[in-house]
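K.L.:
Here the protein sequences come in this chain order: A and B. Per my numbering, numbering of the first sequence is gapless, rising by one per residue and ending at 130. Per my numbering, numbering of the second sequence is gapless, rising by one per residue and ending at 732.
Please keep in mind that the hints were generated in silico from the structure rather than gathered at the bench. Among the hints, a few may not be true.
Below, a list of computed lysine-lysine pairs in the DSS-like style, where the Cα atoms sit at most 27 Å apart [to be verified]: (1) B:K337 / B:K586; (2) B:K514 / B:K452; (3) B:K380 / B:K689; (4) B:K289 / B:K309; (5) B:K309 / A:K70; (6) A:K70 / B:K384; (7) A:K36 / B:K309; (8) B:K309 / A:K38; (9) B:K159 / A:K70; (10) B:K632 / B:K388; (11) B:K236 / A:K36; (12) B:K386 / B:K614; (13) A:K36 / B:K289; (14) A:K70 / B:K689; (15) B:K593 / B:K514.
Quick look at which bits of chain B chain A covers, simulated, 3 or more residues with Cβ under 8 Å [as the list claims (entries may be wrong)]: (16) 232 to 241; (17) 310 to 317; (18) 367 to 377; (19) 638 to 649; (20) 688 to 700.
Residues of chain A placed beyond 12 Å of chain B at every Cβ, according to the derived structure [to be verified]: (21) R3; (22) I18; (23) L79; (24) I82; (25) K91.
By construction, the Cβ of each residue, glycine as well, lies at the ideal position given by its N, Cα and C atoms.
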Amino acid sequence: MVRILNLLAVVALIGSAIYAYTIKYETIFHAERIVKLKHEIKAEQDQIGTLRAEWAHLTRPERIQALADKFLDLQPVALTQIVSADALPAKAPRVDAIGRKLEALGLTEPTNTPRDGEASAPTTPSIRTR
Amino acid sequence: MIEGRDARVRDGTSGGTVGPGRNRVRAMKAFIADLFSTKLDKSQDRIKLVACVFLLVYGIIAGKLILFGLRQDQTLGVKRAASDVIAAARPDVLDRNGEVLATDIKVMSVFAEPRRIIDKDEAVELLTAVLPDVDARELRERLGSRKGFIWVKRAITPKQQQEVYRLGLPGVGFLPENKRVYPNGPIAAHVLGFANLDGVGISGLEKYIDGQGLADLHGAGFSLTPDDLKPITTSLDLKATYAVRDELTKGIAKFKAKAGAAAILDVDTGEVVAMASLPDYDPNTPADALDPNHINRLSVGVYEMGSTFKAISIAMALDLGKVNLHSRIDARDSLRYGRFTIHDYHAQHRLLSVPEVFTYSSNIGVARMALMVGVEGHKSFLRKMGQLSRLRTELPETADPLVPKNWGELNTMTIAFGQGLNVAPLQAVMAVGALVNGGTLVTPTFLKRSEAEAKKDAPRVVKAETSESMRYLMRLNAEIGTAKIADIKGYFVGGKTGTADKIVHGHYSTDRVFTTFMAILPADKPKYLFLTLLDEPQGLPETQGYRTAAWNSGSVTGKIIERTGPLLGIPPRIEFPTQPFPLLAKLGYGMANAPATGGGGH
Chain A
1 MVRILNLLAV
11 VALIGSAIYA
21 YTIKYETIFH
31 AERIVKLKHE
41 IKAEQDQIGT
51 LRAEWAHLTR
61 PERIQALADK
71 FLDLQPVALT
81 QIVSADALPA
91 KAPRVDAIGR
101 KLEALGLTEP
111 TNTPRDGEAS
121 APTTPSIRTR
Chain B
131 MIEGRDARVR
141 DGTSGGTVGP
151 GRNRVRAMKA
161 FIADLFSTKL
171 DKSQDRIKLV
181 ACVFLLVYGI
191 IAGKLILFGL
201 RQDQTLGVKR
211 AASDVIAAAR
221 PDVLDRNGEV
231 LATDIKVMSV
241 FAEPRRIIDK
251 DEAVELLTAV
261 LPDVDARELR
271 ERLGSRKGFI
281 WVKRAITPKQ
291 QQEVYRLGLP
301 GVGFLPENKR
311 VYPNGPIAAH
321 VLGFANLDGV
331 GISGLEKYID
341 GQGLADLHGA
351 GFSLTPDDLK
361 PITTSLDLKA
371 TYAVRDELTK
381 GIAKFKAKAG
391 AAAILDVDTG
401 EVVAMASLPD
411 YDPNTPADAL
421 DPNHINRLSV
431 GVYEMGSTFK
441 AISIAMALDL
451 GKVNLHSRID
461 ARDSLRYGRF
471 TIHDYHAQHR
481 LLSVPEVFTY
491 SSNIGVARMA
501 LMVGVEGHKS
511 FLRKMGQLSR
521 LRTELPETAD
531 PLVPKNWGEL
541 NTMTIAFGQG
551 LNVAPLQAVM
561 AVGALVNGGT
571 LVTPTFLKRS
581 EAEAKKDAPR
591 VVKAETSESM
601 RYLMRLNAEI
611 GTAKIADIKG
621 YFVGGKTGTA
631 DKIVHGHYST
641 DRVFTTFMAI
651 LPADKPKYLF
661 LTLLDEPQGL
671 PETQGYRTAA
681 WNSGSVTGKI
691 IERTGPLLGI
701 PPRIEFPTQP
711 FPLLAKLGYG
721 MANAPATGGG
731 GH
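The shape of chain B in the complex, shown without the other chains (with noise of 0.2 Å):
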């Protein structure tokens, strides 16, 4: 086009006649005027190009984007590559009076980007130098993998990311992240669980949690501080639950338990406000938490509960009317049912009275009840007990009872007297709290909750006479029966025992027991219920080599009441109530309410 134009231009000067620099003058006059001429014919080059040009500039700019899209890895920052990785923001865990039982804390990790990393191996040694416990063949090999972001070691202290940030090494930097700490320790450890390093809950309340919603959240891409989230309050008491923690780990250290377990239940609120399982794990220490030893032996064990499920037997004849305080069973001689026969442990060999099996703790009397009520009968009462069915609670980790397949007579009776069905230990817990609370079956729970939420939808289960005969009957036996080790001075304590023999390759061990104890605190209007459970305790020369629950379990259980007691409000009392039993005094047991010491005890 210039050539082009030059060429007119000359054309105009080879044509002219007149002087040099005139001539000069009137061609670069034509020149301009040739340039801003808007005639059609001369610009339409002159538009082709400028859309060529347009053109040119278009394509480039969408060839550009294309690119872009196609290599879109590398144009992301790291923050946005972190922030599926970074550890979510979780709510503290609180107990029931605002401790804390579990919280987050801010800590640095150290994070690289391999591809930035000009000396992988340079780096590497470098890293494994100040961070010793990093694995440098496990780093280099990650450090070699096409990723953009790796972590080298999560929650670093101060003092490693001053090393590791004068090192100076390109492509490797620091995060903030959230960490769970548990500042309690093993306390509380079964029922808080533990979250992982990337702030997942993987067991307890805090799989929990993450159930509730918040897993969903983080999911959705919302990045949560801590000022978001509400604390999770409890229903756990830590000073109580420290004390039974500790008086389990004495009992089981002196009678040379495997295993133990106790829990303290509120029963009008099914609020558990101490609970222990030994041997346990720190949370703080995740790892251990997968040892099959380390299990919540509530919760996810099942065992024969042994005599406490005596208790629900007796509730069950006395609410279908079969029995009442009064009745006799005939316990003269061992029961015999086809080729077995039910023996009793501590065997009067006379006429028991219904109370008198309680305290006697009889198998034969406990048996005939059952038998009374019939197989049908016994099974939709522990049906509505919600001792057949696996019992929820806000802990992910349960376990279904072992309901025998073929419920004949004979698991009936054997049943009535804990065993032939292996439940939860918090199960039987439920139905016994249900037994002494007026009637009314509350699902356990770990969080804080009030008596009106808790009694909403609880159903009814057996009637107020039959829960306050209950009540009655744990208070004999701490008197006079079997309970009585368990009987502190200055509290109105009820209780049931329960010694089960343990199933060793299919027959019923001698030497191998399971006991476990129940205590009702106070016992003429019940407000906490103890239960404490060993795994093969061994006699003691104290215990003249008695191995049974009184000893053991029992025993525990008084130590705990006595130091929970005042702990949990509960105030001691010089003279115990006259009436305590004002029920069953106007059904005509006066009986109920004269003090049974003077009976003589057995």
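Same shape as in the complex, but just chain A (with noise of 0.2 Å):
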């Protein structure tokens, strides 16, 4: 009985030592995986800041200025052109101009589907040959 219980003890030993190292190992593991993406962090920001810096250089209005002039019809807006929000003609009354247009086409109409089976019949409207 004694000896079982000592057995026991033994393996227990054996068994929490072998915990104890695995929580350790995987503890250094993690760290250095928080150290390593702490890095990765760092990287992506000081990437992000250059990133910004370029995206400022690029837009900075004296190029953007040069670019418009020489690709865009446009001209500067005159004080003439801006206008209040209540100075706008009111609203339209609303036009479902593609439905209108499918009315035009007769694709509203209910379309006969051959009732009789008839797999050959043509079911779009075509030049009829009877």
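Both chains are given apart, each in its own frame, so use the hints to dock them into the complex.
P.N.:
Written out as structure tokens, the structure is:
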């Protein structure tokens, strides 16, 4: 009995030692990962900073104006072109332009599906040969 | 000791009479018993020996410690040595809408540890081959020094880094550093100033930031990362600043001026929304900033502001009750004082009303008004308006105004129309801003702030009625007076011109002028004050050869207003307000609210 107890104690000892070491190594592993991730975050942030600076440099008004003068057909906005919101005309009644077009094409009329199950009968309008 | 023990053992063997086998065993036993004996008489030697050994060991340790203490520099790591020289992180500087004006980027810098380099000549040769802009002789000299750490080149490109890395030189390495970049180049350069390679602010807001405790933190050894630093939001609007600089550049080129400056001030908050001073420099190449021609003409240069100062003088006379808007001032003849005579540029030779004095920009009229107030009253009013002391903003570069030492009546008369007192243009802008914003003197700032914050401890310098009179006068001047050129259709602009003859060899020159223009927008409730100044603009055929402010500074200001007005969110008006000056109407000056355009221009 005592021997079994001893054996159990030894096994428990070895088990706990293994467990403790596992935890220890896992901790080291995680700590290393944290350090690595922190470095990566730092590198990313530096990258973002550089990109922000680059973006600001590329979108500086001086360059945008030069490009706009070269490629766009725009003129500086005149003061007469600016009106307040209430000076705008009232909104026109809602028109379903696409719906109207479909109606004009006659697509809203009920389609006559062949009832007799004649598969060869054309369902799309085509020149009748009868 | 060992010998002694052996001798005793030998004694034991020689004295025994038993056989050799037994004898040996006993001798061994005796020897072992002897070895572990704890008798005091026997262990004394051993205690001494042990004590000696311990003494020796501790002595060595102590000696080594002293040695380490004496030669500390060799044991320091590169990182430690470099932490003093590495460029510190600085906060970002943003414009009022969050656009980046200045930021830090990470760059690699090459360093060398001279003590670890084996062949210094070879190292110099290889390094200068890869980095051609490094001076070989100077690098060799620095490598020969006894320092533990030197920079070879700061801020290299990734390609150069790769090449230096491939050289495989021992004692040469890289360190990441912060480099200050200004993505917008010369735009707002004078406000931003610049920081040097070590991340120390040298001028402008960069220096101001250091003064706010950043430098102390670095000095105390805190290495701050950009995330710890809150970005600084300036009062500038990047787009408006660009537009102002662009129009000013065009104006300077058109009128062949030597230099120029322009600014937009929010009169309620004192924020400088846009500012440019030309010629300027690119803060990314800071060596240019030291050129004395590149100074900030708005805060470092002091100038005679010319007729724009008349606004201050008339406001003074109105505020002190010496005149009202109906008063008539005698401008029939030139004003004589001793051997000096004051003339009018647009002489009318008649009695002028106060609005006419302003719109004709009459020197005589303003001089007479200043005389009504008197020398002391004039001085104290100008002091109250902040014109006689140095204006302090966030920018470290400022200048004292040039105040005449013996201020007599003649000085008062000339200063009344803007000659004889040199002030920084920003100072004059502050005063005129106070005259039109309702009467509170708000110190200009380059950092974003709210109106409540600005007016918290701003003193009231003139009455609200005086302020409204000034708005009326400036509006009238834009309708019929000298500021017509800046009367942009769609905006309710007010303005005042100023042309000062420059002093050349102690005399007022007749062909060199310094022109200024101030405009308010909108004139019935000013939000922005525009200032443009041009140094030595030339007359052009289309200006009929005139070089007065209305033609050059005025037209530049007009263009600036037209372009920045929509950017700054000022809606154009199709119909002007029918009652722009209600306070004046209540006081019995109903003519202020009647459009003056029918009254004929002059």
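K.L.:
State for each hint whether it applies.
P.N.:
To see whether the hints hold, each was checked on the structure:
1. Proximity of B:K337 to B:K586 is assessed by CA-CA distance (about 26 Å); at most 27 Å being required, the pair is judged to hold.
2. Between B:K514 and B:K452 the CA atoms are separated by roughly 18 Å; this keeps the pair inside 27 Å, and the hint holds.
3. With a C-alpha separation of about 10 Å, the suggested pair B:K380 and B:K689 falls inside the 27 Å cut-off, and the hint holds.
4. For the given pair, B:K289 sits about 17 Å from B:K309 by alpha-carbon distance, which is consistent with the 27 Å threshold.
5. Of the supplied pair hints, the one linking B:K309 and A:K70 is violated, its CA atoms being roughly 33 Å apart against a limit of 27 Å.
6. Under the criterion of a C-alpha separation no larger than 27 Å, the hint pairing A:K70 with B:K384 is consistent with the structure, at around 22 Å.
7. For the suggested pair A:K36 and B:K309, the alpha carbons sit about 24 Å apart, so the restraint of at most 27 Å is met.
8. A distance of roughly 22 Å separates the Cα atoms of B:K309 and A:K38; the hinted pair therefore holds under the 27 Å criterion.
9. Only pairs whose Cα atoms come within 27 Å are accepted, and B:K159 paired with A:K70 is rejected, the gap being roughly 110 Å.
10. As the CA atoms of B:K632 and B:K388 are separated by approximately 13 Å, the hinted pair is consistent with the 27 Å bound.
11. About 19 Å separates the Cα atoms of B:K236 and A:K36, which keeps this hinted pair within 27 Å; it holds.
12. Pair hint B:K386 plus B:K614 holds up; C-alpha atoms about 22 Å apart against a cutoff of 27 Å.
13. Between A:K36 and B:K289 the alpha-carbon distance is near 25 Å, which keeps this suggested pair within the 27 Å criterion.
14. A threshold of 27 Å between alpha carbons decides the hint, and for A:K70 with B:K689 the separation of about 22 Å falls inside it, so the pair holds.
15. As the CA atoms of B:K593 and B:K514 are separated by approximately 13 Å, the hinted pair is consistent with the 27 Å bound.
16. Restraint check on the stretch 232 to 241 of chain B versus chain A: 4 residues with Cβ-Cβ distances below 8 Å, three needed, restraint holds.
17. Figure legend: the stretch 310 to 317 of chain B, annotated as covered by chain A; annotation consistent (5 residues with Cβ-Cβ distances under 8 Å, at least 3 required).
18. By the rule of at least three residues with a Cβ nearer than 8 Å to a Cβ of chain A, the coverage given for the stretch 367 to 377 of chain B holds, with 5 such residues.
19. Under the rule that three or more residues need a Cβ within less than 8 Å of chain A, the assignment of the stretch 638 to 649 of chain B is violated, with 0 such residues.
20. Only when three residues or more bring their CB closer than 8 Å to a CB of chain A does the claim for the stretch 688 to 700 of chain B stand; here the count is 4, and the claim holds.
21. With a closest Cβ-Cβ approach of about 38 Å to chain B, A:R3 is found to remain outside the 12 Å limit, as its non-interface label requires.
22. For A:I18, the shortest C-beta to C-beta distance to chain B comes to about 38 Å, beyond the 12 Å cut-off, and the non-interface label holds.
23. Some Cβ of chain B comes within 12 Å of the Cβ of A:L79; the nearest lies about 4 Å off, and the non-interface call is violated.
24. Interface exclusion of A:I82 from chain B breaks down, the closest Cβ pair being 5 Å apart, not more than 12 Å.
25. The Cβ of A:K91 sits about 22 Å from the closest Cβ of chain B, beyond the 12 Å cut-off, so the non-interface label holds.
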